[in-house]
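Trainee: Each chain, letter by letter, is given below.
Protein chains: 2
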Amino acid sequence: MAGDAVKLLGAWPSPVVMRARIALNLKSVGYEFVEENLGNKSQLLLQSNPVHKKIPVLIHGDKPVCESLIIVQYIDEVWSSGPGILPSDPYDLATARFWAAYIDDKWFPSLTGIAKAQDDGAKKAAIEQVSEGLALLEDAFRKCSKGKTFFGGDRVGYLDIAFGCFLGWLRVTEKMNGVELISRSKTPQLAQWAERFCADPAVKDVMPETDKLAEFAKVLFAKFKNPPSQ
Amino acid sequence: MAGDAVKLLGAWPSPVVMRARIALNLKSVGYEFVEENLGNKSQLLLQSNPVHKKIPVLIHGDKPVCESLIIVQYIDEVWSSGPGILPSDPYDLATARFWAAYIDDKWFPSLTGIAKAQDDGAKKAAIEQVSEGLALLEDAFRKCSKGKTFFGGDRVGYLDIAFGCFLGWLRVTEKMNGVELISRSKTPQLAQWAERFCADPAVKDVMPETDKLAEFAKVLFAKFKNPPSQ
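Residue numbers (the UniProt record's numbering), protein chains in the order written: chain A, 1 to 230; chain B, 1 to 230.
There's no promise every hint is true.
Under 10 Å between C-beta atoms, here's a sample of chain A residues computed to sit facing chain B [unchecked claim]:
| # | residue |
| --- | --- |
| 1 | K63 |
| 2 | I71 |
| 3 | I75 |
| 4 | P90 |
| 5 | V206 |
Hints were generated in silico from the structure; no laboratory data involved. Note that CB positions come from ideal geometry on N, CA and C, so glycine has one too.
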């Protein structure tokens, strides 16, 4: 089963697609990356994820696995011989799952809220909300890392992937709005963690350059402000 | 660790609290149930879940675990000697996680959409959306159960708990709106599964009676329609 061909349907700017790529890299799994055109989704994507029609989809043999955090867990379970991605202790695992859900359900929506803000007041409020979330995550880092270098301990783990995949978009948001969100003065632990995460061999080749992502973001954010008429 | 005292902060009408109770019952774990007054949350709840301030919270020894599906997974991992709640095969597990996320993110919000609808047109559309979701779940049942009696095979498992906890609220919605959502004619597999699920020894004592829940629902739904002024 672990030896079956692996294909990943994705798109380079997508942070959640990056989660699957990092997990595959950590396990040294070779895979074919299929770049999707989200304006014209492939039949393979529509067939593989008929409910949500979203990337990423991992196709392992002929079996599709959807939803980025489910894919990361699947990779950890199937390629169990490599280093573990999820914490082995049940309480550490529950804590990592809690913060991963917080990031997806609360924190990342607040980050996109900065781009979607229609006026300066709304933007300021969204920036405040993102910063409050980062303060919580700074505290979570202290507790999860237990004095080590990653949320997962000595190496990149589940929560590192869940949060770290958004660092490219966070840097773009900082650049486009002239603000510091993760910095040595505001969130010293996260600032050091972010540097280590982006330099990790499993991450550095799949983390998009900030300038390239900023160009992409300008087009995307303009759509938020001027949605196409139905 | 498994022998430490277990406390569950919850409220009887809450479907997500029921998830934790069913999982504890399946593992024959004794626990103290603490009924929260959600209009005046306890200090213990606020301290145990400072981020979301929501039930359920499982307190194991002195460690709080939050978020219902995370709690169910934690219970399965800590009390590993009992029957497994999560599928052991990684693909079956990914599939169960996919549908559990679908139920929380898409299907249950559409069920509450029926109660929140402000006019007949919106209500009809919400009922249609719930039924479309149930058709998907009927199909998922065929695939997940593999001809057996539960989503999880021969016994109640993760997806049974994730979906089954909403059956009380589904029956209330049917009763209050004079519609059939899960029935032998529309969703024959789900109809039989729902009967079996509600009769299961781990479930029957924690599934609220429809009439009692309907009384509670009348008060709650009135608030949806006439939210208190800020």
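Trainee: Are the hints correct? Go through all of them and say.
Mentor: Comparing the hints with the structure gives:
1. K63: The hint holds - K63/A has a Cβ within 10 Å of chain B, the shortest such distance being about 6 Å.
2. I71: Because about 8 Å separates I71/A from the closest Cβ in chain B, which is inside the 10 Å limit, the hint holds.
3. I75: holds, 9 Å
4. P90: holds, 4 Å
5. V206: Hint violated; V206/A Cβ to chain B Cβ min 22 Å, cut 10 Å.
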